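Here are the chains, one letter per residue:
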Amino acid sequence: MTKRKVNARKLLEDDARIFRAVLELSPTDTLEMSDGERTVSVSGVLALMLLKALKKYVSDQLDVTLRSLAAMDDEEDDDDD
Amino acid sequence: MERKIAEINALLRKIGNGELTAIVVEAETYVSTGDIPKEVRSAVARAVYGVLEATRNELQEKFYAEQIRKDVEAYRELLLLNAHGDITISDGSRTATVPGKLGIDTVRAVKGRAAALKISAEAALDEEGEEDD
Numbered sequence: 001m002t003k004r005k006v007n008a009r010k011l012l013e014d015d016a017r018i019f020r021a022v023l024e025l026s027p028t029d030t031l032e033m034s035d036g037e038r039t040v041s042v043s044g045v046l047a048l049m050l051l052k053a054l055k056k057y058v059s060d061q062l063d064v065t066l067r068s069l070a071a072m073d074d075e076e077d078d079d080d081d
Numbered sequence: 001m002e003r004k005i006a007e008i009n010a011l012l013r014k015i016g017n018g019e020l021t022a023i024v025v026e027a028e029t030y031v032s033t034g035d036i037p038k039e040v041r042s043a044v045a046r047a048v049y050g051v052l053e054a055t056r057n058e059l060q061e062k063f064y065a066e067q068i069r070k071d072v073e074a075y076r077e078l079l080l081l082n083a084h085g086d087i088t089i090s091d092g093s094r095t096a097t098v099p100g101k102l103g104i105d106t107v108r109a110v111k112g113r114a115a116a117l118k119i120s121a122e123a124a125l126d127e128e129g130e131e132d133d
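Just so you know, the sequences run in chain order A and B.
Taking this note's numbering, the leading residue of the first sequence gets 1, the next gets one more, and so forth.
Taking this note's numbering, the leading residue of the second sequence gets 1, the next gets one more, and so forth.
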């Protein structure tokens, strides 16, 4: 596998790890989001709704990432053949 | 305010169950319900129930309006999040950090939802205002 492909694979694997960490967040009474300078805390039904929206987005992104990784695996198998 | 509403609901249940036993004014028992006819007792219970119910409803409206205002404020704060750096998200026990471009895209997704919710909440607040007029 070329160095470029190795790096590309690593980036995809890192992305998948991040997405999975977000998907492990539990439905909660209080959700905090921070950009490093500003921290916003939301509670109650709003926290649940925003977490749901966030997880939906991240889940879709994880699917795309896993498909890309699978495609890379297929390419490698073809190269080996 | 939530506790006050719960206390009134508990009182309403007791009166509804026929558990009104006395009327106390300034720490003095004015009338013990054993002293008055059942029909009068029922009338008093109904009157007290009506007043309490109206108070409870008023408190509930204020509570919901306050909740909506808090939510609108939270949406505004969310929309101000800067999407140029790492974003951390926490549920109180777990924290996930989404760096760089992923963070930007994630914040955009949340902001989109927050903006839509803000519009609904502000519309609900406007309706509350119109009903009071």
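Keep in mind the hints are simulated off the structure, nothing from the lab.
For clarity, every value in this text was computed on a predicted model and none was experimentally measured.
All C-beta atoms, glycine included, are put in the ideal place defined by N, C-alpha and C.
Accuracy of the hints is not assured; some may be wrong.
Cβ-to-Cβ under 8 Å is the rule here; a few derived chain A residues that face chain B [what the hints assert, rightly or not]:
no.: 1; residue: Met33
no.: 2; residue: Gly36
no.: 3; residue: Val42
no.: 4; residue: Met72
Status of each hint after checking the structure:
For the restraint placing Met33 of chain A at the interface with chain B, the shortest Cβ-Cβ distance is roughly 5 Å, inside the 8 Å limit, so the hint holds. Interface hint at Gly36 of chain A: satisfied, since its Cβ lies 5 Å from the closest Cβ of chain B, which is below the 8 Å cut-off. For Val42 of chain A, the shortest C-beta to C-beta distance to chain B is roughly 5 Å, which falls under 8 Å, so the interface hint holds. The restraint placing Met72 of chain A at the interface with chain B is violated, with a minimum CB-CB distance near 19 Å, outside the 8 Å limit.
Taken one by one, the earlier hints fail for this structure only at number 4.
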